[in-house]
Each structure stands twice: as structure tokens, then as C-alpha cells.
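Spelled out from the first residue to the last, the chains are:
Protein chains: 2
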Amino acid sequence: MMARKNVVDEFGFLRLDARKKTPLFRQLYQQLRTAILQGRIKTDYRIPSSRDLMEQLGVSRTTIVTAIDLLIAEGYLQTFHGRGTFVGSEIPDEQILPEGVAPDEIQRCSDESNHLNEYGKSLQGLNRETWYTGTPKAFCPGEPALDEFPVDIWSKIVRRVWKSLAPIDLSYGEPAGYSPLRSQVAEYLAVHRGVNCDPEQVMIVNGTQQAVDVVARLTLEQGDQVLFENPGYINARDTFQKQGAEIIPVPVDHQGAVFEKVIQKHPKARLAYVTPSHQFPMGVILPVERRLELINWAKENESLILEDDYDSEYRYSQKPLPCMQGLDRASRIIYVGSFSKVVFPALGLGYAIVPPQMVSAFENALRLSSRPASQVDQIVLSEFIREGHFIRHLRRMRKTHALRRQVFVEQIQKHLADELEIIGGAAGLHCTTTFKSQNKNDVAIVKQLAEQGIITRPLSGYYMSGTKKDRRLNGLVSGFACSTPSQTRRRIRELAVILKR
Amino acid sequence: MMARKNVVDEFGFLRLDARKKTPLFRQLYQQLRTAILQGRIKTDYRIPSSRDLMEQLGVSRTTIVTAIDLLIAEGYLQTFHGRGTFVGSEIPDEQILPEGVAPDEIQRCSDESNHLNEYGKSLQGLNRETWYTGTPKAFCPGEPALDEFPVDIWSKIVRRVWKSLAPIDLSYGEPAGYSPLRSQVAEYLAVHRGVNCDPEQVMIVNGTQQAVDVVARLTLEQGDQVLFENPGYINARDTFQKQGAEIIPVPVDHQGAVFEKVIQKHPKARLAYVTPSHQFPMGVILPVERRLELINWAKENESLILEDDYDSEYRYSQKPLPCMQGLDRASRIIYVGSFSKVVFPALGLGYAIVPPQMVSAFENALRLSSRPASQVDQIVLSEFIREGHFIRHLRRMRKTHALRRQVFVEQIQKHLADELEIIGGAAGLHCTTTFKSQNKNDVAIVKQLAEQGIITRPLSGYYMSGTKKDRRLNGLVSGFACSTPSQTRRRIRELAVILKR
Numbered sequence: 360m361m362a363r364k365n366v367v368d369e370f371g372f373l374r375l376d377a378r379k380k381t382p383l384f385r386q387l388y389q390q391l392r393t394a395i396l397q398g399r400i401k402t403d404y405r406i407p408s409s410r411d412l413m414e415q416l417g418v419s420r421t422t423i424v425t426a427i428d429l430l431i432a433e434g435y436l437q438t439f440h441g442r443g444t445f446v447g448s449e450i451p452d453e454q455i456l457p458e459g460v461a462p463d464e465i466q467r468c469s470d471e472s473n474h475l476n477e478y479g480k481s482l483q484g485l486n487r488e489t490w491y492t493g494t495p496k497a498f499c500p501g502e503p504a505l506d507e508f509p510v511d512i513w514s515k516i517v518r519r520v521w522k523s524l525a526p527i528d529l530s531y532g533e534p535a536g537y538s539p540l541r542s543q544v545a546e547y548l549a550v551h552r553g554v555n556c557d558p559e560q561v562m563i564v565n566g567t568q569q570a571v572d573v574v575a576r577l578t579l580e581q582g583d584q585v586l587f588e589n590p591g592y593i594n595a596r597d598t599f600q601k602q603g604a605e606i607i608p609v610p611v612d613h614q615g616a617v618f619e620k621v622i623q624k625h626p627k628a629r630l631a632y633v634t635p636s637h638q639f640p641m642g643v644i645l646p647v648e649r650r651l652e653l654i655n656w657a658k659e660n661e662s663l664i665l666e667d668d669y670d671s672e673y674r675y676s677q678k679p680l681p682c683m684q685g686l687d688r689a690s691r692i693i694y695v696g697s698f699s700k701v702v703f704p705a706l707g708l709g710y711a712i713v714p715p716q717m718v719s720a721f722e723n724a725l726r727l728s729s730r731p732a733s734q735v736d737q738i739v740l741s742e743f744i745r746e747g748h749f750i751r752h753l754r755r756m757r758k759t760h761a762l763r764r765q766v767f768v769e770q771i772q773k774h775l776a777d778e779l780e781i782i783g784g785a786a787g788l789h790c791t792t793t794f795k796s797q798n799k800n801d802v803a804i805v806k807q808l809a810e811q812g813i814i815t816r817p818l819s820g821y822y823m824s825g826t827k828k829d830r831r832l833n834g835l836v837s838g839f840a841c842s843t844p845s846q847t848r849r850r851i852r853e854l855a856v857i858l859k860r
Numbered sequence: 360m361m362a363r364k365n366v367v368d369e370f371g372f373l374r375l376d377a378r379k380k381t382p383l384f385r386q387l388y389q390q391l392r393t394a395i396l397q398g399r400i401k402t403d404y405r406i407p408s409s410r411d412l413m414e415q416l417g418v419s420r421t422t423i424v425t426a427i428d429l430l431i432a433e434g435y436l437q438t439f440h441g442r443g444t445f446v447g448s449e450i451p452d453e454q455i456l457p458e459g460v461a462p463d464e465i466q467r468c469s470d471e472s473n474h475l476n477e478y479g480k481s482l483q484g485l486n487r488e489t490w491y492t493g494t495p496k497a498f499c500p501g502e503p504a505l506d507e508f509p510v511d512i513w514s515k516i517v518r519r520v521w522k523s524l525a526p527i528d529l530s531y532g533e534p535a536g537y538s539p540l541r542s543q544v545a546e547y548l549a550v551h552r553g554v555n556c557d558p559e560q561v562m563i564v565n566g567t568q569q570a571v572d573v574v575a576r577l578t579l580e581q582g583d584q585v586l587f588e589n590p591g592y593i594n595a596r597d598t599f600q601k602q603g604a605e606i607i608p609v610p611v612d613h614q615g616a617v618f619e620k621v622i623q624k625h626p627k628a629r630l631a632y633v634t635p636s637h638q639f640p641m642g643v644i645l646p647v648e649r650r651l652e653l654i655n656w657a658k659e660n661e662s663l664i665l666e667d668d669y670d671s672e673y674r675y676s677q678k679p680l681p682c683m684q685g686l687d688r689a690s691r692i693i694y695v696g697s698f699s700k701v702v703f704p705a706l707g708l709g710y711a712i713v714p715p716q717m718v719s720a721f722e723n724a725l726r727l728s729s730r731p732a733s734q735v736d737q738i739v740l741s742e743f744i745r746e747g748h749f750i751r752h753l754r755r756m757r758k759t760h761a762l763r764r765q766v767f768v769e770q771i772q773k774h775l776a777d778e779l780e781i782i783g784g785a786a787g788l789h790c791t792t793t794f795k796s797q798n799k800n801d802v803a804i805v806k807q808l809a810e811q812g813i814i815t816r817p818l819s820g821y822y823m824s825g826t827k828k829d830r831r832l833n834g835l836v837s838g839f840a841c842s843t844p845s846q847t848r849r850r851i852r853e854l855a856v857i858l859k860r
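Chains A and B supply the protein sequences, listed in that same order. If you want my numbering, it's the position in the first sequence, counting the first as 1, plus 359. If you want my numbering, it's the position in the second sequence, counting the first as 1, plus 359.
These are calculated hints, taken from the structure and not from any lab test. Careful, some of the hints might be misleading.
Repeated chains share a single entry, so a pair holds when one copy, or any two copies, can fit it.
Lysine to any residue pairs mimicking SDA-like chemistry, simulated, CA-CA at most 25 Å apart [said to hold, decoys possible]: (1) Lys799 with His774; (2) Lys515 with Asp528; (3) Lys480 with Leu416; (4) Lys627 with Trp521.
Starting from the given sequences, assemble the full structure and let the hints guide the process.
So this is what it looks like as C-alpha cells:
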């Protein structure tokens, strides 16, 4: 008895805490492993029985067994049949403990010497609260109906792809993406969006944000002017601005961006960023005349247009207009889009269609700035498209989203007709509303709503700082796609109560 | 009969070509779809029977049925039981054909107006042949033994993860990565590499290349000096150089980079890039004195060190040295590593451990420059680590690679002892050899070998252009990890024949 008692005593350093986020078995695993590596319990020590450890630590047998099994699997412990479990005689030689330096011994750099350049400093100062970060929760903008994603079909393809993978598929992929997927994207965009391109112009990227960033890096010089919709998509604007561009705001009316006066005043702007299919965040559609006007300007002034077609697949009331890229006869347009809204955001796959003269530089920029997006995901997506699931899913999503928008709009009209006005077309994943009384402070209201678990974005937050107050609309940008009709009904009733207070 | 004949005639535009890469069913599908969209065959037209189409087109029934089924699934065709298959009465409204513009009508931009800035132009001119692009083929450097990857275990986890995914897991992830994975990386690196960090310093990136690029963007000003090993890793050097840094070459001897004279001459360099665990491409290990010397310089001069620990997990003959980051008391080191060599390259996941004062800027840079790597892949990897598979696989791979290196070295010594000298330690995934007669031209030899299907890299290609000829070694950089012992034996015999010609 003495001997056993003794052994347990030697393990008295173990401290498990059920309130911690780390599961108990993992805490036990970590503490035992550290003790072995530090030599606190030495080679050939016998580990107490699981019964003894259960008693001493007051945890379940499963917890003990899981931790011990993990340590056996990793070679820290060894079992000898009938004799018990011991600390391994041959601790894996790769183990290296930090040399006893506690993090607080590290001498932090002072702010003065933080090693960042101008770009780095501007990013450090960036306020994260204004960022768009999605959670699939009513009424977060930009989130599709993930509850309707055909996980079964997708994971069946994943399974099949994994079964048929050759070692080469696990290797480094091509920087511009999986070649069959590039062809499929070219074909899909030709038929569905009127894009005119060869597969070699298709660059598979980690979301449209990477495409915007690469375009900025490849084309802009310090101080170059970029025409940008105001209000507009914050992440893209930040990308240009932080890289030293001068942002020239382009006002947005009920038909989208009004370029006319701006291009007269700034004909030599290097780039224009535009969301013609569904202006972000206003949700309006740019008419053909304005599109042609912008294209002509770009052609005459040797400027570029970045067309962000972020949720153009979703149109509920009319035949969609083809994209601008298909109207371009002078290779002035870079077209970007994403699978985040049609497949799912966590996939992180998007595409840029770049004019022929930029193909080589764009491909090399991808090569130097990241590894290509997961090759396996690209293969799975390619199969998903090839078998027709993609188009079927898109069509089903269009119905789902149309219904969700309809319910959203009805409920707003029913409960908040006096407070909110709906603007923009029947399209996309979000609906923008303005306050009928512009004395309201949308930032404060969004904060109040968030406290009640209702996520919206303040419309005024999408304007450039410095936009005059009388040109800045107050309102809510709400995603209708990620909540079911019943959730929407309930949430809008709650929203109405808060807004009418 | 007349009527049926007539119908077939209307489909006389179909032209299938078995020599094309596109499968026959897909050619048929595309041509029928285009005809429907163009209105060449109209709503309610009855499609000829598959027998008729077989006869007319001379292809198998499967080809016909697959194409027709796909068109039915996508809504272009409809089947009425007993009556046949017809063009759908409601063609999906999203269909938009390009407006008849053939690609050759596009007016290409002239080279003079290609819209690229200096960075863009330098990338356009980059010669792709000098790039490192891996194929898992003897003796491609940097490729692990993918044939030994436990695809079964990995895909079982993939399956399980897909079964238990909540909609939120399909949504946008955090820019710095999946939080449990960040903690696991911190823990793994602490134990195995002696890295000293909190999980919040861990940035999950799309491969180390993204980390190198973000560091360059956040810290370098135009003209800043970067100390860089010569010979060294081309992609990292290009990243710094193309972003306007002045590269200061640091010579490499049998113990790695010789910083002493260089830091005396260029004390104000902003950054030093170093591969201390296994110098790339020479394969030698930087001794502790040189590491401390470099760290002291960085501390005194407020400079930074980028430690690239790209294949440090693989050491076959001795206990590995901890990384440099663990020796740093002044937050001067950014540490980067990758899962490409231990898990598989197509995963595209790596990590950067950034000093605390850079955390915010780095996270925001990731937010603005790409979508995070696939959230699902990160969850799967996290499970792979949590269940101990990762460490088990690493240990198994270490044995596999050690054996493969041993065979490689033995064969070189057996067949090429008079021609090649092996340099560097028993580590990593590649083995560097120099020609005993330095009159040989390694670039020409590598080309000859490639014609015989043997992939190697010329050692001289890793030096900066401008390095004097007498300081530039000729040799072969060969990956031993991606070929089995029998392949290696065969390939080295072939290699010997070519080299001795």
C-alpha cells in the first residue's frame, strides 16, 4: 500500500480545471507530457492506475484513458502487459522544450521601434469594429442561406475525390489554379454573365479580396487616383487607400454610381472600382449608358476598371444585365467574382478575369504572394460544377433567397413602413433601408440592435470619412439570406420594437 | 418517317470530335446547350431519340444519355413520360450569351499601355523557368513522400468533419486562422522547435510564401537593405527584390550563412532572411554562435530577422537544434514554417509567428490581402493534430525520409563518387551535391537530365545574378524524399550514365 500511495503522491502536481476551455483529458495529457519532458517523472516510472488517478483527480475514467492512450500513441508512455504503464524509455528525440523562458521575460519592443513601414503602421491603426466580418445570423449582410447548402452532395464528392486522389494531387498546384476549374469558370461566366475570356485569363484566387489586392499592387503607383463608389465596399477601399492611392469618391444615386462629373474632373485617374450589377451597399443597378460611358473613359485615358460582381448571381425580379466586361473591346476591365455566395464562404475561392496583357504579371504575383488555394477543394468544386450540382444549387438558392427577401420586405413594410424606406432592386443577399427621419443615428441603432443579437450594418459607415453630413444617408444594411422566414418575422418584430422606442 | 427524319436534320449542326480533349458527352452537351440558348432549336422541340442520335453522330449510347441527362438536370430539356424529351419551355432566365463578340474582335492593349506599375512590370518579365515548381518525381526538391501520406486517416476525418459541420463553419473564418489550430501550432512549436509564443502570435497563412510577402509589405521601404543568403531561396529573394528592397548577399560556407563581415558593412539593414535549421539550398546548419551574433545585431540596430524553418522537422542523425526564435529576447524574429512538408503541399497551410508588436498589423494585412485558407481544411488539420495523427505521421515520415536519404547518398557514393561531392547535413528533403570538376555547367546538365525525366535544380541558379563565377558553385540540388528506394537506385544509375558521358 505504501508504495502505491507514494506513486500517487508523485503525481500530486496535476491540476485539472473543468472551467477551462481546454477539455479535461487534454489538460491531463498536457501536464503529464510536460512533466515527462521536464524530467519531473522519469523514464520507467510506473503511471498510477486509472482508478487511482480517477480518485485523486475526481474525473471520469474516460478522461484518464483518453489522455493515457494519446501519450502511448505518441511514444511518451509504454504499456507492458500485466505490469502497467510506464514512462517510455526512449522519449522521442525531436522533443525540445523552450529553455525555461517565461513569456513575461521577453522584452517587448516599444511602440517607437515597432519595425513597421507606412503601410504596416496604417494597418496597425485600423479599427476592426468597422470591418465586415460575417456570422450567419440575422441580418448579417453577405451571408448566403448556408442552412440550405447540400452538404450531403458536397461531402459525397469530397469522399470520392479523396478516394481517387493520386499523390500528385497532394503536391503543389499551379499558382493560377486548377486548370479544369479555370475552363469551367470561363464557360460558366460566358453563359451566365456574358464574360468574354479564354481560360488562361481566369485566375483562381483566395476570395475576391485577394484579386482586389493583387490588382492594386500591380497597377497603382503612390498617389494614383482611384475612382470609388461612395458609399462603397470598405475592404476594397481600404486596400487601395492603404497602398497609397488617393480615393476619389463617386456619388451614388438611385441608379448607381454617377461617374460623369467625376471623370471630367479627374480624367487621369488610374482605376475605377465599380459594382454595376448590385451596387454595394445601395443595391441599385447601373444602367447600360453609364456602363458605356465609363468604358469609353477607360479606353480614352488608358485607365482600368475593376468590376466587382460579388453577388450578381442573385436576381429575383428581372433578367439580369450581362456584366460590363463583356462590353469591353479594349481589354480595360478586370472582372472579379466569388464562390462564397453561391457555394459557401469557408471555401475561400474566387476568380479574377484579367485582360490578356496582365496574365503573366498576375500569375507571378500569385506565385510570390501565396500558395494557391487548396488543390483538393478546387478539384471538388470542379466536380460539383461538372456534374451540374452547381447550377442546380444556384437555381435553388435563387428561389430560397427570393423568398427570404420577399418575407423580409413584407415584414419591413408591415411593421416599419413609417420608419424605414427600402432602396435598391430585388437582388443580392442584402437589403438596404434608409431612415425616413434622417435625424436618427444609425451607428447607435446598430449597436443597440447588436446588444439584442440582431446584426446589421450602419449605412453611414460605408461612406468615406469626410463625406458631408447632408450627403451621407443614415440607414441599415441587412442581410436577409441567412435567416429563415420564421426567424425573419420574429427578428423584424423585435427590430421594430427597438426602432420605435 | 418523314417527320422523324426531319427532326434529325435539324440537328445536323452537331459536330463531335473524339480527338479533342473535351469528352464527347461534354461536346454534345455544350453544342446542344448553345443551340438552345441561341434559339437555333426552340422551346417544345422534340429531341431525337438516343438511337437516332447514336446513328447520326456515331457515338455510344452512354455519351448521348449523359449529355441529355445533364441538360435535363439543368432545366434546358424536359421529359414527358411516353412522349419524349423536349426543349424546356422555361429556359433558365439567368442565361446570357456573350453578344457575339469573338475573342479576336477584342482590341488587345499594346505593350506600351499595359497598365502595370514598376512591381507589375518586374513580375511580367520574370522568367518562369527558374521558378521552383514541384512535381512529385525523382528528384524534385521540396517534395515529401506523398505516397506514404495516410490518405485513409485524413479522409476519415474529412468525412467526420463534414458530418458534424454547423452552418457557421461554412461561413467566413477569422483572418488569422481557426483559433484551436492557432493554439495547437503554438503548443507544437513550443515542444518541438523551442518557439516561445502565445497563440495570438500565430498567423495561419497560405503557405510560408504568403508570410514572407506580408512581412516584406509591412516592414520594407523602397531601397531598404535585406541581408539574404547567397545561394538562397529564390521565391523569398524575389519577393523582397520585386518590392524594391536592395538585396545584400550573405556568403554561405560549410556552416551556413557568414553574417559577420556583412553586418559590419551594412549595420543598418532592415531585415535578415535566414534558414538556420537547414540552409536552402546548401543543407548546412547554422551554429549557435552565429545565431546569437545575428540576434544581437538585430537587437542593437532595431532590425528584424525572418527565420524560415521550412523543413526543420526532418533531421535524421542528431538531436535538432531549437529554432532561433526561442533565443530571441527582444521580439526581433518572425518565424515561418509550413505544413506542406509534414502533411501535404496541396493543403496550402503554413504559419508565421510574429512578435507581439506586429500582431495587429499582420492580421489586418491578411484581412485585406486574401480570404483565410479553407476553414474546413483548418478544422480537419486541427483534428488530425488533436488525435495524435500528426505526430505519428511526422515520426513515420522521419523514418521514411531518413531511409530514402540513406539510399540516395549510398547510390551517389557508389556510382558517382568521382563526379559529385555531397554537402550539408543529414536533414530535410533535399540533398545538395557539387561537381568535383567545377568546369561542368550545371544548368546544361539539369536540362539534359530533365529530357530523360530526371528533375533536379542547378545549384548555380540559386545565386544572385552578379555573383562572381569563382564564388558560385556548380552542382545539383536533388530531392530524395519523393522517390522510393528502388526508384532512386534506378534513377541514379541513369543519372550516372548521363553525367559520365
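Evaluation of the provided hints:
{"no.": "1", "hint": "Lys799 with His774", "verdict": "within (18 Å within a copy, 83 Å between copies)"}
{"no.": "2", "hint": "Lys515 with Asp528", "verdict": "both (18 Å within a copy, 18 Å between copies)"}
{"no.": "3", "hint": "Lys480 with Leu416", "verdict": "neither (49 Å within a copy, 65 Å between copies)"}
{"no.": "4", "hint": "Lys627 with Trp521", "verdict": "neither (51 Å within a copy, 50 Å between copies)"}
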